[in-house]
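Undergrad: Sequence order for the protein chains is A and B. Those letters in the first sequence? Residues 28 to 135, by my numbering. Those letters in the second sequence? Residues 20 to 131, by my numbering.
Because the hints were derived from the structure by calculation, they are not lab data. Just so you know, not all the hints are guaranteed correct.
Stated by the list, open to error - Some chain A residues well away from chain B (every beta-carbon gap over 10 Å; in silico):
hint, residue
1, Asn-49
2, Ile-55
3, Tyr-62
4, Arg-87
5, Gly-93
Said to hold, decoys possible - Stretches of chain A that chain B covers, calculated by requiring three or more beta carbons in the stretch to come under 8 Å of a beta carbon on chain B:
hint, region
6, 78 to 85
7, 114 to 121
8, 124 to 134
Note that this is a predicted model, so its numbers are computed, not measured. Think of the CB as a built atom: it goes at the ideal place given N, C-alpha and C, for glycine as much as any other residue.
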Amino acid sequence: GQQLNQSPQSMFIQEGEDVSMNCTSSSIFNTWLWYKQDPGEGPVLLIALYKAGELTSNGRLTAQFGITRKDSFLNISASIPSDVGIYFCAGQLNDMRFGAGTRLTVKP
Amino acid sequence: SQTIHQWPATLVQPVGSPLSLECTVEGTSNPNLYWYRQAAGRGLQLLFYSVGIGQISSEVPQNLSASRPQDRQFILSSKKLLLSDSGFYLCAWSSDSNSPLHFGNGTRLTVT
């Protein structure tokens with residue numbers, strides 16, 4: 028099945044810095060999704076992308092659906108301590124595949 | 020609006036004991052339902068999914084099973100737990116196979 032490569036695996040940043048993470052695949056997807064998981068809770072949908080080239084923002088978050096349909100990135104601007112958590116990308120084409128996650132730590 | 024409930028939140032069970040985790044969805048009809056397992060706070064492994072009552076697809080062979088006795092109820096079971104069954108179990112729903120998944124808050128299972 029399709030494999031998603033999510034990077035980086037972890038990030039340690041200072042409060043106020045910008046963050047960038049991405050996912051790539053050898054296969055195309057019709058939908059790219061980004062989730063955030065707080066400790067001890069289920070992942071929560073942040074952004075859904077449905078069209079190649081689409082750029083979508085949700086507050087300080089911006090995500091793009093790659094033009095080749097094989098990749099997506101998520102940017103977080105001006106990070107704050109509550110951004111801490113694990114971020115998952117997911118690609119969807121009849122079924123859904125998840126990346127391994129990016130663990131974000133924000134130092135105040 | 021749609022909501023998903025998963026219980027219990029935490030569970031400690033001895034090896035060899037049975038397991039039953041429940042998940043219910045409200046506010047939607049005929050959802051796709053999913054059980055995932057997450058080890059060590061990392062990746063999500065799909066265990067089972069269901070597109071309708073009594074229809075269960077298994078992704079990974081193991082000593083777990085799933086059942087969907089009602090449209091919006093999904094149950095994860097085991098007759099005899101193994102140590103390796105410890106983990107964080109997540110239930111999720113979607114409107115269809117092309118819609119985003121929405122997750123419950125998970126069950127932390129520790130097998131001792």
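Undergrad: With reference to the structure, classify each hint as holding or not holding.
TA: Against the structure, the hints:
1. Listed as outside the interface, A/Asn-49 is consistent with that label: its C-beta sits roughly 17 Å from the nearest C-beta of chain B, beyond the 10 Å cut-off.
2. Every CB of chain B lies more than 10 Å from the CB of A/Ile-55, the least distance being 14 Å, so the non-interface label holds.
3. Chain B draws A/Tyr-62 into its interface by the beta-carbon criterion, the shortest separation being 8 Å against a cut-off of 10 Å.
4. Separation of A/Arg-87 from chain B is adequate, the least Cβ-Cβ distance of about 20 Å exceeding the 10 Å criterion.
5. Distance check for A/Gly-93 against chain B: the nearest CB is about 18 Å away, which clears 10 Å, and the non-interface claim stands.
6. By the rule of at least three residues with a Cβ nearer than 8 Å to a Cβ of chain B, the coverage given for the region 78 to 85 of chain A is violated, with 0 such residues.
7. Counting residues of the region 114 to 121 of chain A whose beta carbon lies closer than 8 Å to any beta carbon of chain B gives 4, which meets the minimum of three for the stated coverage.
8. As drawn, the region 124 to 134 of chain A meets chain B at 5 residues by the rule of a beta-carbon pair under 8 Å; at three or more, the given contact holds.
Hints 3 and 6 from the list above are not met by this structure, while the remaining hints are.
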